[in-house]
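Colleague: So the chains spell out like this:
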Amino acid sequence: MAITRLNYTTDIDLGTNSLALLLGGTGSVNTLDDYEEGTWTLGLEAYAGTVSSSVTRYTKIGRLVVIVGRVNLDGTADADDFQINGLPFTVSTSSSNVFGGYPTYSNSAQDQITLLTSNNNTVASVYSKNGTALTYDSFGASKQLRFMLMYFTD
Amino acid sequence: MAITKETQIAKIEVIGEYKAVQIATDTIIKENGTELSKSRHRKVVHPDQDITGEDAEVQAVCNAVWTQAVKDAWTAFLAEQEN
Numbered sequence: 013m014a015i016t017r018l019n020y021t022t023d024i025d026l027g028t029n030s031l032a033l034l035l036g037g038t039g040s041v042n043t044l045d046d047y048e049e050g051t052w053t054l055g056l057e058a059y060a061g062t063v064s065s066s067v068t069r070y071t072k073i074g075r076l077v078v079i080v081g082r083v084n085l086d087g088t089a090d091a092d093d094f095q096i097n098g099l100p101f102t103v104s105t106s107s108s109n110v111f112g113g114y115p116t117y118s119n120s121a122q123d124q125i126t127l128l129t130s131n132n133n134t135v136a137s138v139y140s141k142n143g144t145a146l147t148y149d150s151f152g153a154s155k156q157l158r159f160m161l162m163y164f165t166d
Numbered sequence: 693m694a695i696t697k698e699t700q701i702a703k704i705e706v707i708g709e710y711k712a713v714q715i716a717t718d719t720i721i722k723e724n725g726t727e728l729s730k731s732r733h734r735k736v737v738h739p740d741q742d743i744t745g746e747d748a749e750v751q752a753v754c755n756a757v758w759t760q761a762v763k764d765a766w767t768a769f770l771a772e773q774e775n
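Chains W and D, in that order, give the protein sequences.
Everything in the first sequence is counted per this note's numbering, starting at 13 for the first residue and increasing by one.
Everything in the second sequence is counted per this note's numbering, starting at 693 for the first residue and increasing by one.
This is chain W alone, in the form it adopts within the complex:
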């Protein structure tokens, strides 16, 4: 049965029984079967210091995950690669589906900072221009990164 118009003034609860919305067609490419929003816990891989501040949110629409976060490095020296962990969903298996994001604000002296996720994992690495992996030290002690990151799940 085709419903041509919905006129509800309350939420429509599709429940958790694999119900989905078909939008603009009837194939799998037109199916919206998941929506969720919430918070996640940002961590720093192998960081010797303390994550002094973080604000984290996510929204998942179908397979697409959009996350935002804010992290402040403390003054601890650490030559390990700058990697953010704790992403709220596992990144897609395929390395060809690995994408990333960008800072919305940073007071680091580094230029053209980008973020790249790792397939099959919940980690995003931080890079500078020319694809150079940044370390915590090269990003800068006591510097802040606010970012947006987008990736696909399977």
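Calculated directly from the structure, the hints in this document are not laboratory data.
Hints may be right or wrong, so weigh each one.
Straight-line alpha carbon distances no greater than 30 Å define the calculated DSSO-like cross-link-like pairs of lysine-lysine that follow [unchecked claim]: (1) D:K722 with W:K155; (2) D:K711 with W:K155; (3) W:K72 with D:K722; (4) W:K72 with D:K763; (5) W:K72 with W:K141.
With chain W held as given, fit chain D onto it using these hints.
Modeller: For chain D alone, coordinates are given in the frame of chain W:
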């Protein structure tokens, strides 16, 4: 008028070849038993992580799916990603 706060695990999902365990935890605020608000928090644990602080239900799932073969495969995958 009683305001209560409940935390409950909404979902435990096992994902992929390396059996990542995705956990969704809901915090629910109720007034006299009626839900006022609900918020969700997500985390993922991998086979090399310490799960002693996780909920018993999560630990049971992890222990069931993280066989030695899975742990070894995850370790090899991480080493491969670093190269």
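Colleague: Indicate, hint by hint, whether the structure satisfies it.
Modeller: Hint-by-hint comparison with the structure:
With a CA separation close to 40 Å, the supplied pair K722 (chain D) and K155 (chain W) exceeds the 30 Å bound. With a C-alpha separation of about 35 Å, the suggested pairing of K711 (chain D) with K155 (chain W) is violated against the 30 Å cut-off. With a C-alpha separation of about 26 Å, the suggested pair K72 (chain W) and K722 (chain D) falls inside the 30 Å cut-off, and the hint holds. Our distance criterion of 30 Å between C-alpha atoms is met by K72 (chain W) and K763 (chain D), whose separation comes to about 28 Å.
For the hint pairing K72 (chain W) with K141 (chain W), the CA-to-CA distance comes to about 29 Å; that is within 30 Å, so the pair holds.
Checked against the numbered hints given earlier, the structure breaks hints 1 and 2 and satisfies all the rest.
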